[in-house]
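Colleague: Residue strings, one per chain:
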Amino acid sequence: MMAGMAAAALHGPARATLGQDDTSVDADTAQFRAHRFIQTARTAAAAGYAVHDLQLPGGTHVREYLSADHQVFAVTWNGSSIPDLHRLLGQHYARYEIAAARPSAAARSPVSLNDADLVLHNEGHPRAFHGLAYLPLLLPAGFDLRQLR
Amino acid sequence: MNLRDRAWLPARLALLLALLLVLASCGSGGSPSSASSGGAGGGTVTACGGSSSGTSTNNIVPLVVDGVCGGQDQAYVTIKLCVPGSTTACQTIDHVWVDTGSSGLRIVASVLTVSLPASNPQGGNIVANCAQFVTGYTWGAMRAADVYIGGESAGSVPIQVIADAALPAAPGSCASGTLQSSVSDIQANGLLGIGLLRQDCGAGCAVSGINAPAGWYYTCPGNSCSPVGVPVNQQLQNVVGMFVNDNNGVQMQLPTVAASGQASATGSLIFGIGTQANNGLGSAMIYAVDTNPADAQTTYLNLSTTYNSTVFPQSYIDSGSNGWYFDDLNIKVCGAKQPKGFYCQNAGPLTATMQGFGGGNSFPYSFSVADASTLSGSFAAFSDLAGPASNPGMIGSTFDWGLPFFYGRSVFVALEGTTVGATAGPFFAASTP
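Residue numbers (the numbering used here), protein chains in the order written: chain U, 1 to 149; chain C, 1 to 433.
Hint data in this document are derived by calculation from the structure and do not stem from the laboratory. Accuracy of the hints is not assured; some may be wrong.
Stated by the list, open to error - Now the stretches of chain U that chain C is said to cover, found in silico as 3 or more residues with beta-carbon under 8 Å:
hint	region
1	82-96
2	120-129
3	137-148
Stated by the list, open to error - Partial chain U-side listing against chain C, Cβ under 10 Å, derived:
hint	residue
4	A99
5	A100
6	A101
Glycine included, C-beta positions come from ideal geometry on N, C-alpha and C.
Construct the complete structure from the given sequences, taking the supplied hints into account.
Modeller: Shown next as structure tokens:
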């Protein structure tokens, strides 16, 4: 059962992105109807990674960070609306929903999760949101988290 | 009853988890105003409240903080809706939550007893509206109503009917977090967004075709929803901006409440700023906000706050937040079996300095924090309810001046595209101290 699910995730239609390979960025670009710009990191200290900057209709920015082996290890977003987090976070979305639903959250207080294998944050108010999610275990060696923006 | 004994809901769109506890209190303060046919079955609260208090005159309506709908530090007004053009197909709705942090009128479908027409359907399809908040969202249909609040009126206002039966479920690009679809979810019969802006979205949503942005407006032919562009004047409108008179902003006045709270508090929502003898700014201090939409990822619509020598650049005044939300690592956050999301230690007096965006006027406001675990659960109005803005142990960038800030002062919200005296909106203003 578990093996079957993993196979489906690998070979099924590329849907979500965090933790998946770069074909999922192509899918996101199409699904979000976004314009995409690719930047390759020039940070010498990092092992090398690429940033795919998706500009969505309405001006929301989504940035997907890919490691040298083509894995999405981080996503960030900012803009007037929250992008489709089901798609961006993929299998990790359920944990976002749990973090958002915690009774301690006033709806305008940030949603945060700081687990060993997943860090996410979302805050703001209507017309101005920003957030990020990354997989600490997939970060390139030497990656500076301040690069996430 | 003490707070440990009941669901204590940090407001701004509270949580399904506490739904069952809330059901017991929502509507207990009066007979339900409508056990309507709104699609809600037996056992579901279709509306809360049922009676409005005080008298409305001219441009002033009573602003009530009470626990009838289950919330704490939620301020409500009574409004009247009519089918556009009708003077008889009308409904009075009490306990509509006043929110300076959003724009537009939203009514829960189960509350409605009048049948409102679709507002500007596109291609024969009713237009759906999505409202995203950080932890959740509302989803509803765009319908039109004539709106009366006190002596003010606006015709054919596009409003959102939350959980409208005409729509399928929200698509993924809207639905992040927890769905807020019922009276019990929002602890109100609706939400009256009287914030800084004239529409919920504005020009960014007027783009049609493939470039229509996700997260705002949709049409759902065949029950499959896709983003759709909507002209600015057909979007969800801040009702104040559509009033015939007194349409440049609002003032909220609430009385001082006792330390540790009281059962209820009644003040006034006053329409217009400087348009009549009763609604001038007086000596209130004007606080500018960042008006550049390009700053959406940082400080758009925000002012600044300095607290404990730390600057919080993403601060705002929000009657839709039910506490002071800010980060102070020296104040103990409530633990297990205590009110979640609040501080559980008395602290103060504390000082937070509000300052306009870009370094304008500033003023140091004094306040206190109460141990939320000791507050009475039968009270609804607290000036000292507070909690962290970030995860415990973290210092974020936001100081949220929620409803407790409003007690004992006048708070003004001036709309974009207006001028008050020599000052262009949008801006906030507040009396001192």
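Colleague: Against this structure, judge whether each hint is valid.
Modeller: Against the structure, the hints come out as follows:
1. 82-96: Holds: 7 residues of the region 82-96 of chain U have a Cβ under 8 Å from chain C.
2. 120-129: n = 8 at 8 Å, threshold three: holds.
3. 137-148: violated (count 0)
4. A99: 9 Å, holds
5. A100: 4 Å, holds
6. A101: This hint holds: A101/U lies near chain C, its Cβ roughly 5 Å from the closest one there, short of 10 Å.
This entry does not satisfy hint 3, going by the numbered hints stated previously; all others are met.
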